[in-house]
Structures are given as C-alpha cells and as structure tokens.
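Number of protein chains: 2
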Amino acid sequence: MKKSLGSKPWALPSPVWVVGTYGDDGQPNMMTLSWGGICSSDPPCVAISVRKSRLTYSNIIKRKAFTINIPSKQHLTAVDYAGIASGKHADKFLAAGLTPIQSDLVQAPYAEEFPLILECRLLHTVEIGVHTQFIGEILDVKAEAAVLNEQKCPVIELINPIISTAPDRKYYEVGGCLGQAYHTGLKIVGTKIK
Amino acid sequence: MKKSLGSKPWALPSPVWVVGTYGDDGQPNMMTLSWGGICSSDPPCVAISVRKSRLTYSNIIKRKAFTINIPSKQHLTAVDYAGIASGKHADKFLAAGLTPIQSDLVQAPYAEEFPLILECRLLHTVEIGVHTQFIGEILDVKAEAAVLNEQKCPVIELINPIISTAPDRKYYEVGGCLGQAYHTGLKIVGTKIK
Numbered sequence: 001m002k003k004s005l006g007s008k009p010w011a012l013p014s015p016v017w018v019v020g021t022y023g024d025d026g027q028p029n030m031m032t033l034s035w036g037g038i039c040s041s042d043p044p045c046v047a048i049s050v051r052k053s054r055l056t057y058s059n060i061i062k063r064k065a066f067t068i069n070i071p072s073k074q075h076l077t078a079v080d081y082a083g084i085a086s087g088k089h090a091d092k093f094l095a096a097g098l099t100p101i102q103s104d105l106v107q108a109p110y111a112e113e114f115p116l117i118l119e120c121r122l123l124h125t126v127e128i129g130v131h132t133q134f135i136g137e138i139l140d141v142k143a144e145a146a147v148l149n150e151q152k153c154p155v156i157e158l159i160n161p162i163i164s165t166a167p168d169r170k171y172y173e174v175g176g177c178l179g180q181a182y183h184t185g186l187k188i189v190g191t192k193i194k
Numbered sequence: 001m002k003k004s005l006g007s008k009p010w011a012l013p014s015p016v017w018v019v020g021t022y023g024d025d026g027q028p029n030m031m032t033l034s035w036g037g038i039c040s041s042d043p044p045c046v047a048i049s050v051r052k053s054r055l056t057y058s059n060i061i062k063r064k065a066f067t068i069n070i071p072s073k074q075h076l077t078a079v080d081y082a083g084i085a086s087g088k089h090a091d092k093f094l095a096a097g098l099t100p101i102q103s104d105l106v107q108a109p110y111a112e113e114f115p116l117i118l119e120c121r122l123l124h125t126v127e128i129g130v131h132t133q134f135i136g137e138i139l140d141v142k143a144e145a146a147v148l149n150e151q152k153c154p155v156i157e158l159i160n161p162i163i164s165t166a167p168d169r170k171y172y173e174v175g176g177c178l179g180q181a182y183h184t185g186l187k188i189v190g191t192k193i194k
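Going line by line, the protein sequences match chains V and H. Here this note's numbering is used: the first residue of the first sequence is 1, the next is one more, and so on. Here this note's numbering is used: the first residue of the second sequence is 1, the next is one more, and so on.
Derived by calculation from the structure, the hints in this document are not laboratory data. Take these hints with a grain of salt, some might be off.
Any copy will do: because identical chains look the same in the list, a pair fits if it lies in one copy or spans two.
[As the list claims (entries may be wrong)] Below, a list of computed lysine-lysine pairs in the DSS-like style, where the Cα atoms sit at most 27 angstroms apart:
no.	residue 1	residue 2
1	K62	K52
2	K3	K88
3	K3	K52
4	K73	K170
5	K62	K73
6	K2	K152
7	K88	K187
Please read all numbers here as calculations on a predicted model, not as lab measurements.
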C-alpha cells in the first residue's frame, strides 16, 4: 500500500546540466538546471525547461540557440553557483573561472572546461505553467578526447556527471555499471513469451 | 580542443522509467523508456517521448493518462524486459511477475512492486521527429513507506533508481551524495560578486 505524497515534480533522478547562451550584448551566460531530458532520437533533440524571469529565457528566445554543457563532479562548486547567481548581475563564466567558447554552429557559448557539450538550435517552445520548455535540435556533440573510448563514444565513468534529486535537492554522482541494456530482459522474453 | 562526434541524442545521464498504460480492452501495459524528464514545477509536469509504433503511444492517446514508475535496481531484469518486448504480443506485467494496480486518479495502472510512482494526466502532445513527446501533469506521487524519510520525502539511497547512458546503452546505479544544492556555490557568490 503506497502513501500519497501529493502533486509534486518528484521524478528522479534528474540530470544536472549547464545551459550556455549569449545576451543582447554578446555577453556569455550560463545557468544550471535539472528540468530536462532527451526527447527525440531523430532528429536528435533535447528538452530543457526555464522560467520566464531567467536571463537564459530571453537569451534563447532572441538567439534561437543554446548549448547543453555536461559538467563533471569536480566542477560542482561552479555548477551550483551557476544555479544560484543571475547573469543579470554577474559574469558567471568569469566568476566561476570557466572559459566561454563560441559554438561554430549556433549562436551560443559553451565552457571549455566541461567534458561533453551539445550545440542546439531552438526547434519548439512549449508553455507549461511556470516553466517554458525549449526543445533544441542537437546539431553536434563535442567531447574532450579524455572522456572517449576507442570507438569515439563518451564513457560515463570518464565524464563523472552529476545527478540531482528533486525531493531533497541534493547532488549525487553516478555509481557502478549494472549491465547492458536490451540484454538481461531477454531471459524473460525467451522463457515466458513466444 | 573538443572532438566533434556528430548529431546524436547523447546527453547523459538519462532516467530509466517504466510507463504504465491501459489498452483498449483494459489490458495493463508497461514500457521502459529513457527519453524523459521533469518539465515544470507548477503545475508539476513530466515529459516522456514515445514512438508512434508503440502500444504505449496509442494507449496514451486514447486514455489521456499514464503513470511513471520509478523502479529499483533489483528490478533490472523486469525493467529491461519491458523495454524489449511489446504489449501487442505479451502481457508484460504477467511475464515480469509484476502486479498492476489501477490508479484512483487517472486511467492508467502502476506496478505495486516499484517504490515510487507518478500518476499523470495528458496535458500536451508535441510532435518531434520520430518521437512524440507527451507532457503529463503529475496529479499525485505515491511511494512505499520504506523509501521515505521522517519528513515523508523520498530518499534516493532507499529507492536505488536506475540510470541509463545513451551513447553505449548501459545501466548504472546512483553513487554517493556530493552535497546539498544551492549551497557550495554560495562561496563564489560571496567572494566574487556583490
């Protein structure tokens, strides 16, 4: 018998991503968020949700572009800071000691120090309550060579991304590998179903 | 200098959620997916992406409802199976040894065995390439008492949810706590910015 906890945004785990945008004056900005996820395989698309009051909101509306920066756990202080401070009052890249690099595909910056980044052009804007969801087409994924395996595939153990939990607002690291997808479940397919 | 990996849906980490729906005949179905995330705080909403060919797609379109079931790592075999087999050919709850419970709020079932579930009514449908994104309003979160702390808050260490990686399609568990959000970043706010 389950206990009812009410109407809450309590799915977990959530990713911890840093969104890169440019302001009116070309000022690079970054904002940490956890409301997001991949939303299409082809074209590859990612969804993020941003409140209208955020600088990131108006920057995306104007430039029709953003980057998703996937930080490592060693960047936690800078990442948490980018979720607290506003680019309206601070140069967050400068304050956090990160280097903005201009994407060659979209009008948005990414952080040189973060190991994995996605360059996105705005595809859809969906109004949902207090948040606006931006759906971006991923035009390119760029990675540090140090986080790739021999097949040029990003490896999570080398990236060390951060996870967040909505109910108690904590950060976690990723633990051990549990197995390959589309594998262990074949036992049930094989024995119980034709 | 980052390496370009091309246009890929390679944000990470992704959640591993099991979506519960009813078919035309009242047959409970479940499907595992990783393309999803919270997309609004108020009203609390969650987005999931499903291909049109899936039974889950037509079930959600007809019933305007679904559940998000957050499984524990000990359910990995059942979870992987629910991402391989189709409800068009199998009773996946039965085959995986899970018990469908009818939600008292929406026309969708959830699995009694999974520790945390969200009952959602369909709010928006967004067409994005090969996937359709369903945005559901979370009408209630229900949890097993065993995964709650004294404040009735779900605790990730007690849930042991599963994470997936898009580039190499593996499952991972959640690791250790890195800290409280809106905390470590205050060091930068305090020292470098007014």
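Hints versus structure:
{"no.": "1", "hint": "K62 <-> K52", "in the structure": "within (13 angstroms within a copy, 33 angstroms between copies)"}
{"no.": "2", "hint": "K3 <-> K88", "in the structure": "neither (42 angstroms within a copy, 32 angstroms between copies)"}
{"no.": "3", "hint": "K3 <-> K52", "in the structure": "neither (34 angstroms within a copy, 33 angstroms between copies)"}
{"no.": "4", "hint": "K73 <-> K170", "in the structure": "both (13 angstroms within a copy, 20 angstroms between copies)"}
{"no.": "5", "hint": "K62 <-> K73", "in the structure": "neither (31 angstroms within a copy, 43 angstroms between copies)"}
{"no.": "6", "hint": "K2 <-> K152", "in the structure": "between (44 angstroms within a copy, 12 angstroms between copies)"}
{"no.": "7", "hint": "K88 <-> K187", "in the structure": "between (55 angstroms within a copy, 19 angstroms between copies)"}
Comparing the model with each numbered hint stated earlier shows that hints 2, 3 and 5 do not hold.
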